[in-house]
Amino acid sequence: MKKRILCMMLAVVGAMSAVQADDYPYLAFQTADGTVKAVSITSLTLTFQNGALTATNADGSYSFALENLGKMFFTTEPTAVQPLPVEGGDVEVFSVTGISLGRFASLQAAEAQMPRGIYVVKTDSETIKLMKR
Amino acid sequence: MRSFFVMVALAAAVAAQAQTLCVATGNVTYQFPAAQTGMMTFVDGTSLTILGKTFSASDITKAYVAETPVTDNEVTIAYDGSRAAVTVAGNVAQYVSVSVNGAHVTIEQTNTDAIDGDEITYVLSGTSADGELTLAGAYKCTVQLAGLTLTNPGGAAINITNKKRIRLSMKKDTENTLADGAGGSQKACLYSKGQLQLQGHGTLTVKAATAHAIKSGDYITASNLTLNVTSAVGDGLSCNRYFQLMSGSVTISGTGDDGIQCDLDGDTSTGETADHEDEDSGNVYIDDGTLTISVTSAATKGIKAAGDLTVRGGIVNVTTSGNGTYDSEERDAKGSAGLSADGNMTISGGTLTLGNTGTGGKCIKADGLLTIADGTITATNTASQYRYSSSYTASAKAIKAGTRTQTGGSGRNATYSYAGGIVVTGGTVTASATSHEAIESKSTIAISGGTVYATSSDDAINSASDFTISGGFVMGNSTGNDGLDANGNCYIKGGTVYAVAARQPEVGIDANTEGGYKLYVTGGTIVAIGGLENSSSLTQTCYSTSSYSKNTWYGLYNGSTLALAFKVPSNSSMGTPLVVSTSGSTTLKSGITTSGGTTIWNGFGQVDGSVSGGTAVSLSSYTGGNGGGGWRPGDGW
Numbered sequence: 001m002k003k004r005i006l007c008m009m010l011a012v013v014g015a016m017s018a019v020q021a022d023d024y025p026y027l028a029f030q031t032a033d034g035t036v037k038a039v040s041i042t043s044l045t046l047t048f049q050n051g052a053l054t055a056t057n058a059d060g061s062y063s064f065a066l067e068n069l070g071k072m073f074f075t076t077e078p079t080a081v082q083p084l085p086v087e088g089g090d091v092e093v094f095s096v097t098g099i100s101l102g103r104f105a106s107l108q109a110a111e112a113q114m115p116r117g118i119y120v121v122k123t124d125s126e127t128i129k130l131m132k133r
Numbered sequence: 001m002r003s004f005f006v007m008v009a010l011a012a013a014v015a016a017q018a019q020t021l022c023v024a025t026g027n028v029t030y031q032f033p034a035a036q037t038g039m040m041t042f043v044d045g046t047s048l049t050i051l052g053k054t055f056s057a058s059d060i061t062k063a064y065v066a067e068t069p070v071t072d073n074e075v076t077i078a079y080d081g082s083r084a085a086v087t088v089a090g091n092v093a094q095y096v097s098v099s100v101n102g103a104h105v106t107i108e109q110t111n112t113d114a115i116d117g118d119e120i121t122y123v124l125s126g127t128s129a130d131g132e133l134t135l136a137g138a139y140k141c142t143v144q145l146a147g148l149t150l151t152n153p154g155g156a157a158i159n160i161t162n163k164k165r166i167r168l169s170m171k172k173d174t175e176n177t178l179a180d181g182a183g184g185s186q187k188a189c190l191y192s193k194g195q196l197q198l199q200g201h202g203t204l205t206v207k208a209a210t211a212h213a214i215k216s217g218d219y220i221t222a223s224n225l226t227l228n229v230t231s232a233v234g235d236g237l238s239c240n241r242y243f244q245l246m247s248g249s250v251t252i253s254g255t256g257d258d259g260i261q262c263d264l265d266g267d268t269s270t271g272e273t274a275d276h277e278d279e280d281s282g283n284v285y286i287d288d289g290t291l292t293i294s295v296t297s298a299a300t301k302g303i304k305a306a307g308d309l310t311v312r313g314g315i316v317n318v319t320t321s322g323n324g325t326y327d328s329e330e331r332d333a334k335g336s337a338g339l340s341a342d343g344n345m346t347i348s349g350g351t352l353t354l355g356n357t358g359t360g361g362k363c364i365k366a367d368g369l370l371t372i373a374d375g376t377i378t379a380t381n382t383a384s385q386y387r388y389s390s391s392y393t394a395s396a397k398a399i400k401a402g403t404r405t406q407t408g409g410s411g412r413n414a415t416y417s418y419a420g421g422i423v424v425t426g427g428t429v430t431a432s433a434t435s436h437e438a439i440e441s442k443s444t445i446a447i448s449g450g451t452v453y454a455t456s457s458d459d460a461i462n463s464a465s466d467f468t469i470s471g472g473f474v475m476g477n478s479t480g481n482d483g484l485d486a487n488g489n490c491y492i493k494g495g496t497v498y499a500v501a502a503r504q505p506e507v508g509i510d511a512n513t514e515g516g517y518k519l520y521v522t523g524g525t526i527v528a529i530g531g532l533e534n535s536s537s538l539t540q541t542c543y544s545t546s547s548y549s550k551n552t553w554y555g556l557y558n559g560s561t562l563a564l565a566f567k568v569p570s571n572s573s574m575g576t577p578l579v580v581s582t583s584g585s586t587t588l589k590s591g592i593t594t595s596g597g598t599t600i601w602n603g604f605g606q607v608d609g610s611v612s613g614g615t616a617v618s619l620s621s622y623t624g625g626n627g628g629g630g631w632r633p634g635d636g637w
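Note that the protein sequences, when read in sequence, are chains A and B. For the first sequence, counting from 1, position 76 maps to 76 in the numbering used here; every step adds exactly one. For the second sequence, counting from 1, position 525 maps to 525 in the numbering used here; every step adds exactly one.
You may find that some hints are simply not true.
What the hints assert, rightly or not - Lysine-lysine pairs mimicking DSSO-like chemistry, simulated, CA-CA at most 27 Å apart:
no.: 1; chain 1: B; residue 1: Lys-140; chain 2: B; residue 2: Lys-193
no.: 2; chain 1: B; residue 1: Lys-163; chain 2: B; residue 2: Lys-193
no.: 3; chain 1: B; residue 1: Lys-193; chain 2: B; residue 2: Lys-172
no.: 4; chain 1: A; residue 1: Lys-71; chain 2: B; residue 2: Lys-62
no.: 5; chain 1: B; residue 1: Lys-140; chain 2: A; residue 2: Lys-37
no.: 6; chain 1: A; residue 1: Lys-71; chain 2: B; residue 2: Lys-493
no.: 7; chain 1: A; residue 1: Lys-71; chain 2: A; residue 2: Lys-129
no.: 8; chain 1: A; residue 1: Lys-71; chain 2: A; residue 2: Lys-122
no.: 9; chain 1: B; residue 1: Lys-164; chain 2: B; residue 2: Lys-140
no.: 10; chain 1: B; residue 1: Lys-164; chain 2: A; residue 2: Lys-37
no.: 11; chain 1: B; residue 1: Lys-567; chain 2: B; residue 2: Lys-493
Hints were generated in silico from the structure; no laboratory data involved.
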């Protein structure tokens with residue numbers, strides 16, 4: 001009985017650790033031209049000085065001109081997959097290998113149709129990489 | 001199995017410590033859990049918006065990501081000497097504007113509805129000798145004190161201008177102290193413009209050097225917490241609408257004014273409403289808990305209710321020692337009072353111990369109707385009269401209720417209207433006064449149950465109008481006047497009555513014969529030392545003996561049944577004869593020995609016990625006729 005309980009405990013701890021691992025190890029910065037740079041959040045500090053945002057972590061420092069920065073978001077992907085934006089309008093969805101998976105009336109419609117995974121989505125204004133959880 | 005749950009909880013706690021983006025602007029840090037932030041946007045290179053909170057980039061002194069747990073809806077304020085550090089949970093950041101100057105923290109809360117289904121909680125901790133919290137807003141919130149010692153030399157320690165309901169909660173097992181400085185303009189050391197609910201299982205001590213200790217512009221309720229007001233220039237607790245003590249312990253001393261004062265907010269009372277919804281009554285409710293109040297200033301009140309005062313349970317200890325004073329606004333002499341109600345007072349439970357030593361003071365004073373249905377009340381007044389002039393005096397009584405208003409005439413021909421009075425249906429009342437009536441009604445008295453013992457050098461119990469006893473156990477023991485005195489008619493219809501008067505012209509049971517009124521005896525078990533009033537109507541047969549022995553137990557029998565065992569006091573002045581009456585065949589024994597049963601009337605009576613021995617007392621028929629103190633000018637309040 002004790003072994004059973006111990007196993008259950010380990011399973012729960014393991015499950016919770018898995019949850020922890022699913023958190024956001026990266027903070028991504030997207031500039032106005034659509035470029036996205038993700039940095040590790042380990043020991044990450046952000047400073048705002050002289051019109052620039054400087055992100056410093058164990059890997060080094062990355063500086064972004066504030067006037068060029070558009071968005072910032074936490075992500076699980078070092079390649080900086082963005083969370084799904086909320087804008088409407090037609091979109092075309094591609095696999096990460098470039099195969100078109102179809103056109104949809106909106107991002108939300110695409111999200112409803114696609115299984116979990118990483119996609120490249122082309123909207124009227126931009127092409128972005130998205131992940132459906 | 002227990003360790004399994006502990007491990008689960010530990011794992012959950014670890015998981016809760018997910019990444020948090022902390023954005024600091026000076027001493028204020030906004031904490032945004034990574035899972036909540038979504039898209040954070042920059043605008044024009046000058047601002048950053050996270051979860052609806054927009055920061056000017058130039059205001060951000062530091063930003064970092066840390067494994068910091070965040071409790072949604074929580075704002076923490078940690079005082080540390082001359083500085084304070086504030087953290088704001090990300091989900092409420094857009095609704096909270098904070099400014100910090102040293103340890104003086106000002107917060108404006110802008111939400112007008114619940115956030116994520118809950119209100120904002122402000123958690124205060126630490127110590128500062130020069131700090132404060134000023135909190136503005138338009139939606140209810142909770143302020144939790146979690147080990148806080150906060151003094152503001154220049155104003156209120158906590159000043160809440162939010163008019164909505166405020167929960168002020170003491171974190172369990174924490175000690176919290178608030179103090180302010182002298183000479184300020186603040187209304188209280190702890191001020192809330194809105195409804196103030198004091199609660200929690202911790203302790204709050206308040207010291208106020210300018211005005212009240214705690215003031216609410218709305219109602220105040222208190223539950224569970226231990227609240228100590230140790231000093232205040234004004235009241236200990238001051239509020240409008242109503243005050244309610246539900247549980248916990250409240251101790252108030254060192255005040256310059258009343259212990260607890262509750263006023264009407266508007267002009268018209270709603271009276272008590274269901275669940276106190278929208279109530280504006282000026283009422284005070286003591287439902288349970290322990291309330292200890294000591295006030296010492298002139299003519300101050302332990303509890304002062306502009307409306308009704310209701311005690312349903314708990315332990316209430318109030319002492320007043322301030323002398324009387326002349327109120328130039330009302331042009332009257334005023335004394336202190338332990339419990340004071342401009343309206344009615346109802347006691348239906350609890351243990352009340354009330355004492356007064358200030359001239360002209362009273363233990364209980366109700367302008368309306370005092371109803372005692374249950375509980376144990378001990379009211380002791382050892383003070384003398386306050387005399388401002390021959391026209392303006394205040395008498396020191398244990399219990400006083402009702403009002404009498406002169407409607408015409410003067411002197412013996414004066415006519416009056418009466419309101420309120422005293423009704424006793426249960427409970428145990430012990431009232432003593434050194435100089436004036438122990439129990440006085442400016443209107444009527446009706447006793448139908450309970451046990452009442454009153455002793456005084458003046459009338460033990462006096463009513464300005466009719467006095468009716470139909471049940472219960474009532475003893476009036478006067479060392480210098482009448483035992484029971486009615487300035488109107490006196491009706492003895494039932495119950496057990498023991499009246500002791502001083503020597504003539506005083507009588508055991510008096511009515512205002514001179515004013516055209518009468519004593520009516522139609523029932524009851526009666527013992528009256530000093531006899532009965534002249535021209536009494538004695539439907540029930542009475543008997544008398546001209547002699548009796550002090551400090552001796554007597555047995556009064558109705559047929560073969562012991563109706564009452566009573567002891568004759570040893571007062572220096574005691575009248576004659578000793579009159580007895582029962583509803584049946586009345587006999588009396590002297591020198592009995594009592595055992596068992598319950599002692600009542602401060603040891604002068606015994607019920608439900610047994611007696612033995614004794615010698616039969618020779619009784620004569622009695623038809624009344626002992627004169628009496630008769631009509632007297634009414635004493636001042």
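Going through the hints against the structure:
{"no.": "1", "hint": "B/Lys-140 / B/Lys-193", "result": "holds (12 Å)"}
{"no.": "2", "hint": "B/Lys-163 / B/Lys-193", "result": "holds (5 Å)"}
{"no.": "3", "hint": "B/Lys-193 / B/Lys-172", "result": "holds (25 Å)"}
{"no.": "4", "hint": "A/Lys-71 / B/Lys-62", "result": "holds (18 Å)"}
{"no.": "5", "hint": "B/Lys-140 / A/Lys-37", "result": "violated (42 Å)"}
{"no.": "6", "hint": "A/Lys-71 / B/Lys-493", "result": "violated (90 Å)"}
{"no.": "7", "hint": "A/Lys-71 / A/Lys-129", "result": "holds (14 Å)"}
{"no.": "8", "hint": "A/Lys-71 / A/Lys-122", "result": "holds (18 Å)"}
{"no.": "9", "hint": "B/Lys-164 / B/Lys-140", "result": "holds (5 Å)"}
{"no.": "10", "hint": "B/Lys-164 / A/Lys-37", "result": "violated (46 Å)"}
{"no.": "11", "hint": "B/Lys-567 / B/Lys-493", "result": "holds (23 Å)"}
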